[in-house]
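Participant: Residues per chain, in single letters:
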Amino acid sequence: MDKTAAEAQILIWVKSPKTKHKGVSKIIEIYQESLYWHIRKMVISHDDAKDVLQEVFLRVWKNVHSFKGNSKLSTWLYRIATNETSRFLDRKNRLLENKNNLQYILTKELESSDLINGDKIQIQLQKAILQLPEKQRLVFNMRYFDEMKYEDIAAIMETTVNSSKVSYHHAKTKIEQIMKEEIIL
Amino acid sequence: MKEKIKHPFQTPNNFFEDFKNDMENTLYELPHEKHQFLRKFTLQFTKYAAIVVIAFLVGRYSIILTNNNDESTHMETIFNQVSEDEIIDFVIEDELFKEL
Numbered sequence: 001m002d003k004t005a006a007e008a009q010i011l012i013w014v015k016s017p018k019t020k021h022k023g024v025s026k027i028i029e030i031y032q033e034s035l036y037w038h039i040r041k042m043v044i045s046h047d048d049a050k051d052v053l054q055e056v057f058l059r060v061w062k063n064v065h066s067f068k069g070n071s072k073l074s075t076w077l078y079r080i081a082t083n084e085t086s087r088f089l090d091r092k093n094r095l096l097e098n099k100n101n102l103q104y105i106l107t108k109e110l111e112s113s114d115l116i117n118g119d120k121i122q123i124q125l126q127k128a129i130l131q132l133p134e135k136q137r138l139v140f141n142m143r144y145f146d147e148m149k150y151e152d153i154a155a156i157m158e159t160t161v162n163s164s165k166v167s168y169h170h171a172k173t174k175i176e177q178i179m180k181e182e183i184i185l
Numbered sequence: 001m002k003e004k005i006k007h008p009f010q011t012p013n014n015f016f017e018d019f020k021n022d023m024e025n026t027l028y029e030l031p032h033e034k035h036q037f038l039r040k041f042t043l044q045f046t047k048y049a050a051i052v053v054i055a056f057l058v059g060r061y062s063i064i065l066t067n068n069n070d071e072s073t074h075m076e077t078i079f080n081q082v083s084e085d086e087i088i089d090f091v092i093e094d095e096l097f098k099e100l
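Quick mapping for you: the protein sequence lines, in order, are chains E and C. If you count by our numbering, then the first sequence holds residues 1 to 185, one letter each, in order. If you count by our numbering, then the second sequence holds residues 1 to 100, one letter each, in order.
Treat the hints as calculated values from the structure; they're not laboratory data. Treat the hints with caution; some may be incorrect.
[To be verified] Derived SDA-like pairs: lysine to any residue, alpha-carbon spacing no greater than 25 Å straight-line:
hint	chain 1	residue 1	chain 2	residue 2
1	C	K6	E	W61
2	E	K18	C	I64
3	C	K6	E	E181
4	C	K4	E	I12
5	E	K120	C	K20
6	E	K50	C	D94
7	C	K2	E	E147
8	E	K22	C	E29
9	E	K22	C	D18
10	E	K165	C	E3
11	E	K135	C	H7
12	E	K26	C	K4
13	E	K22	C	H7
14	C	K4	E	E151
15	E	K68	E	A154
16	C	K2	E	V166
17	E	K3	E	W61
18	E	K72	C	E24
19	E	K18	C	K2
20	E	K72	E	T4
21	E	K127	C	T11
22	E	K62	C	P8
23	C	K20	E	E151
24	E	K26	C	K2
25	E	K15	C	K20
26	C	K2	E	Q124
27	C	K6	E	H65
28	E	K127	C	K6
29	E	K165	E	Q136
30	E	K15	C	K2
31	C	K20	E	F145
32	E	K172	E	E182
33	E	K135	E	H65
34	E	K15	E	S45
35	C	K20	E	S25
36	E	K174	C	K6
37	C	K20	E	K127
38	C	K20	E	K135
39	C	K6	E	S25
40	E	K72	E	I116
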C-alpha cells in the first residue's frame with residue numbers, strides 16, 4: 001500500500017469510534033520516526049523529544065476525528081509536531097532568566113549527551129544551527145536533513161514557498177559563515 | 001559533489017518499538033478516563049440534586065410552620081387592639097344573648 005492509499009485508509013478508520021484506535025496506531029507506526037527526528041533536531045535531548053512526541057500523539061488522538069483533509073495527513077502531523085516543539089522551547093525559555101541561556105543549554109546538551117555520537121564536523125554543524133532563529137532552524141533541518149520539498153515546508157510552516165526558500169538561504173549562508181570562522185579559529 | 005553532513009543524534013535500542021507499544025497502551029487507557037469522568041459527573045450531579053431536593057423540602061416545611069405561626073399572630077394582633085374590659089363586656093353580652 002503506498003502512502004496516499006495508507007493515508008486514505010487511516011482517515012476512514014479514525015472517523016469511526018470503533019476503528020479509531022486502529023487508525024491512530026497506524027499513524028504512530030508510519031510517522032513516529034520522522035516526527036521524532038523532526039522534534040529531536042530542535043530540542044536536542046532524547047528525553048525531551050520523547051515527551052514532546054507523546055504530547056503530539058495525544059493531540060492527534062484528541063483532534064484526528066475533526067481533521068478535514070484540507071492538507072496532507074503528514075503535513076498536519078508535522079504542523080502539530082512543530083507547534084508542540086515551539087511550545088516546549090518557549091516554556092523552557094520562560095524558565096530561564098537570560099534568554100540567551102536556551103542556546104547555551106542546548107549546546108551543553110549537544111556536548112554532553114550519551115545519545116549524541118558524531119564526528120567533529122557533525123557537532124560543529126549542530127552548534128552552528130543552534131545559533132539560528134527558531135524558524136530558520138526548522139526550515140534548515142527540514143530541507144537539509146529531511147530533503148523536503150519547499151512546497152511541503154511552506155505548508156507545514158503555514159507560509160509561502162518563497163518565504164521558505166528565503167529562510168533556507170539565510171540559514172545556509174549564516175551556517176557557512178559560522179563554520180568558516182570555526183575552521184579559521 | 002559535496003558529501004552531506006549527517007546529524008549525530010542516536011536513540012536507545014528498540015526505542016521506536018517500545019515507544020509505539022507504550023503510546024498505544026496510553027491511548028487504550030484514555031476511554032477509561034472518559035468513563036471515570038462520566039461516573040464522577042453523575043456522582044456530583046446526584047449530590048447536587050439531593051441538596052436541591054432537601055432544600056426544597058426544608059423550605060416547604062418552614063412555609064407551613066410560618067403559616068401556622070401567622071394565624072396565631074393574627075389572633076394576638078386582634079386581642080392587642082381591644083382592652084380587657086371590652087373583651088369581658090363582649091363575653092357577658094354574648095352569654096346574655098345566649099340566655100335570651
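Participant: If you test the structure against every hint from before, which numbers come out violated?
Facilitator: 1, 2, 4, 5, 6, 12, 13, 19, 22, 23, 24, 27, 30, 33, 34, 37, 38, 39, 40
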